[in-house]
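Peer 1: Sequence:
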Amino acid sequence: MNTTDALPVLATLALPPALLEAARAKGLELLGPLHQTDPAAFATRADGIAAVLASADAVVDAALMDQLPNLRLVSVIGVGYDGVDVAAARTRGVAVTHTPGVLDDDVADLALGLMLAVARQIPAADRFVREGRWPQGPMPVARRLSGARCGLVGMGRIGQAIAQRAAAFQMEIAYTARGPKSDLPYAFVPDVRALAGRSDVLVVVTPGGAATRHLIGADVLRALGPQGVLVNVARGSVVDEAALIEALEQGLIAGAGLDVFEDEPHVPERLRALPNAVLTPHVGSATAQTRQAMAGLALGNLVALRQGLPLLTPVPECRAGAAVC
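To convert, note that position 160 of the sequence shown is 496 in our numbering; the numbers rise steadily by one, no gaps.
These are computed hints drawn from the structure, not numbers from a lab. There may be inaccurate statements among the hints.
Straight-line C-alpha distance at most 20 Å; calculated SDA-like pairs for lysine to any residue [said to hold, decoys possible]:
hint: 1; residue 1: Lys517; residue 2: Asp440
hint: 2; residue 1: Lys517; residue 2: Ala342
hint: 3; residue 1: Lys362; residue 2: Pro375
hint: 4; residue 1: Lys517; residue 2: Arg501
hint: 5; residue 1: Lys362; residue 2: Ala631
hint: 6; residue 1: Lys517; residue 2: Pro543
hint: 7; residue 1: Lys362; residue 2: Gly384
hint: 8; residue 1: Lys362; residue 2: Pro543
hint: 9; residue 1: Lys362; residue 2: Ala342
hint: 10; residue 1: Lys517; residue 2: Gln496
hint: 11; residue 1: Lys362; residue 2: Arg408
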């Protein structure tokens with residue numbers, strides 16, 4: 337493609353005017369979700385579309401790729417990309433990028449906020465005051481977070497950012513991952529159930545996908561125990577939601593702080609009714625600063641494609657050494 341030509345990009349999400357203007361200034365033509373909103377227009381443009389700009393929860397599967405014969409890149413706004421069929425992309429020579437690094441602090445901040453909210457019962461305390469119950473007597477005491485044992489399921493960038501914050505609370509930190517990280521001062525535990533058994537707070541921060549589906553099941557929750565708290569800021573699929581609801585209802589664990597769910601945006605009524613669950617609507621990266629940085633990085637990958645430069649943040653399957661992609 338001539339670098340003076342605009343790069344046609346199918347966007348799976350509605351885009352704010354400022355982002356559209358920034359894209360135009362960078363030589364990108366963002367078409368919007370034509371495949372969903374205007375099939376006729378999509379059919380006339382499909383052959384020329386070179387890239388897809390996708391939200392983290394968008395489905396970019398083989399069927400969509402087959403309709404885009406000249407597709408070269410799927411640029412995801414988000415760290416997770418389990419909605420993208422990476423195997424299908426690789427067989428078609430389509431690269432996939434995401435936006436790691438720029439959202440680590442915000443997700444880690446929320447993880448710590450959920451720990452505090454559950455342990456100190458902050459939402460319940462807020463309701464206690466608003467509902468006028470304070471004059472009838474004090475609220476029941478909560479639990480201390482400082483000095484608790486924190487187990488991290490995953491120790492990538494976000495896991496390490498959470499560990500740094502937990503350390504400031506004098507928490508005893510251990511983790512499980514694909515393997516130990518020799519440069520970290522935290523205890524490595526190879527088995528997630530064993531990690532749960534030695535944790536007061538178990539924080540899920542591992543990628544989603546088939547390999548981690550329902551990694552946190554009934555056995556792990558039983559190991560966490562009746563004083564334990566589960567926090568999930570990763571992907572809803574990593575936790576067996578039905579088993580978690582049972583554990584919370586039966587007091588098999590003390591509480592949960594959840595920013596992600598199995599069938600977003602739909603959250604089971606039984607889970608919404610639980611007083612020992614603190615729920616947020618997948619807002620781990622939802623600050624103005626971070627969302628702007630994520631969009632900027634995703635656009636940067638599209639600009640790199642347009643200019644024939646190396647992509648900024650390819651997913652691991654598409655990095656140097658990968659067979660294809």
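Peer 1: Do the alpha carbons of Lys517 and Asp440 lie within 20 Å of each other, as the hint requires?
Peer 2: 18 Å, holds
Peer 1: So if I understand the rule, the pair passes when the alpha-carbon distance is 20 Å or less; does Lys362 with Gly384 pass?
Peer 2: 18 Å, holds
Peer 1: Check the hint pairing Lys362 with Arg408 against an upper bound of 20 Å on the C-alpha distance.
Peer 2: 18 Å, holds
Peer 1: Within 20 Å, alpha carbon to alpha carbon, are Lys517 and Pro543?
Peer 2: 17 Å, holds
Peer 1: Is Lys362 close enough to Pro375, meaning Cα to Cα at most 20 Å?
Peer 2: The hint is violated at about 27 Å.
Peer 1: Take the C-alpha atoms of Lys362 and Ala631, compute the straight-line distance between them, and say whether it is at most 20 Å.
Peer 2: 13 Å, holds
Peer 1: Does the alpha-carbon distance linking Lys517 and Gln496 stay inside the 20 Å limit?
Peer 2: 11 Å, holds
Peer 1: Straight-line Cα separation of Lys517 and Ala342 no greater than 20 Å?
Peer 2: With Cα atoms ~44 Å apart, Lys517 and Ala342 exceed 20 Å; violated.
Peer 1: Measure nothing beyond the straight line between the CA atoms of Lys362 and Pro543; if it is 20 Å or shorter, mark the hint as holding.
Peer 2: 31 Å, violated
Peer 1: Between Lys362 and Ala342, is the straight-line Cα distance small enough, at 20 Å or below?
Peer 2: 8 Å, holds
Peer 1: What's the verdict on Lys517 and Arg501, does the C-alpha distance respect the 20 Å limit or exceed it?
Peer 2: 18 Å, holds
Hints 2, 3 and 8, counting from the list given before, are not met by this structure.
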